[in-house]
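Read top to bottom, the protein sequences are chains L and G. Numbered per our numbering, the first sequence spans residues 1 to 112. Numbered per our numbering, the second sequence spans residues 1 to 115.
You may find that some hints are simply not true.
[Unchecked claim] In silico SDA-like cross-links for lysine to any residue, where the CA-CA straight-line distance does not exceed 25 Å: (1) G:Lys44 x L:Val37; (2) L:Lys99 x G:Tyr64; (3) G:Lys57 x L:Ser98; (4) L:Lys99 x G:Thr55; (5) L:Lys99 x G:Val60; (6) L:Lys99 x G:Arg68; (7) L:Lys99 x G:Ser69; (8) L:Lys99 x G:Lys44; (9) L:Lys99 x G:Asn65.
No wet-lab data here; the hints were simulated from the structure.
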Amino acid sequence: GNSVTQMEGPVTLSEEAFLTINCTYTATGYPSLFWYVQYPGEGLQLLLKATKADDKGSNKGFEATYRKETTSFHLEKGSVQVSDSAVYFCALRYSSASKIIFGSGTRLSIRP
Amino acid sequence: NAGVTQTPKFRILKIGQSMTLQCTQDMNHNYMYWYRQDPGMGLKLIYYSVGAGITDKGEVPNGYNVSRSTTEDFPLRLELAAPSQTSVYFCASTPGGRDSLYEQYFGPGTRLTVT
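Let the hints inform the model, and build the full structure from the sequences given.
Written out as structure tokens, the structure is:
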């Protein structure tokens with residue numbers, strides 16, 4: 001079946017470090033891929049998305065590229081800030097699908 | 001647009017009590033969802049709806065009921081509250097349809113404690 005596998009957390013980094021959070025998916029066809037972010041005490045909000053192979057989604061300094069050959073959508077940021085501390089969820093959705101499939105989430109903590 | 005709104009923000013229930021979590025969206029979205037998120041965990045889908053009058057079970061529907069009489073509203077009902085239902089509940093919506101590129105929009109959540 002369709003699934004999303006994320007890098008297990010928690011991930012702890014120092015401010016200005018480079019960030020990668022791995023996400024791979026198992027699916028047939030061509031889903032759209034998403035990264036959501038959940039700040040403490042809040043609901044999930046969309047961070048970025050990509051709807052077809054080789055697309056790059058970007059927002060707030062974060063980037064992720066839709067790699068069909070490796071079925072991956074890794075999240076990267078060149079220099080993290082304390083304010084990036086949150087839980088990050090990778091997700092996919094198919095056309096005509098009524099549901100989005102979420103990964104288990106990766107908790108990120110940034111030390112000043 | 002207010003987006004997805006949820007009430008109440010917090011609630012404490014005694015075992016066996018019942019309550020309704022309210023969810024309203026003003027974006028004219030067809031699809032709506034209820035998730036629960038236990039501490040330190042990911043999201044689990046409780047129920048979802050693809051339009052007014054249509055609902056379906058998700059992964060963890062036991063102990064909950066839903067209805068969808070209008071496009072805007074999707075209330076979640078707990079009939080006999082149990083400690084295992086202590087969680088944060090999120091409502092979400094999406095335009096739906098055949099296009100996969102639309103993301104889900106989430107409400108701020110309801111934190112429920114059952115003691």
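Lys99 (chain L) paired with Asn65 (chain G) [C-alpha distance capped at 25 Å]: The hint holds at about 18 Å.
For a C-alpha distance cap of 25 Å, please report whether Lys99 (chain L) and Ser69 (chain G) respect it. holds, 20 Å
Can you confirm whether the C-alpha distance between Lys99 (chain L) and Tyr64 (chain G) stays at or below 25 Å? Status holds; Cα separation ~19 Å.
Check whether the Cα positions of Lys44 (chain G) and Val37 (chain L) lie no farther apart than 25 Å. It holds: about 16 Å lies between the C-alpha atoms, which stays within 25 Å.
Hinted pair, alpha-carbon criterion (25 Å max): Lys99 (chain L), Lys44 (chain G). Please report holds or violated. holds, 12 Å
Checking one constraint from the list: CA of Lys99 (chain L) to CA of Arg68 (chain G), max 25 Å. Satisfied? Distance ~17 Å between Lys99 (chain L) and Arg68 (chain G) Cα, so the pair holds.
Need the status of pair Lys99 (chain L), Val60 (chain G): alpha-carbon distance at most 25 Å? holds, 14 Å
Next pair to validate is Lys99 (chain L) with Thr55 (chain G); report whether the Cα-Cα distance is within 25 Å. Status holds; Cα separation ~13 Å.
Run the distance test for Lys57 (chain G) versus Ser98 (chain L): straight-line Cα separation, threshold 25 Å. Roughly 12 Å separates the two Cα atoms, so the pair holds.
Violated hints are absent here; each numbered hint is respected by the structure.
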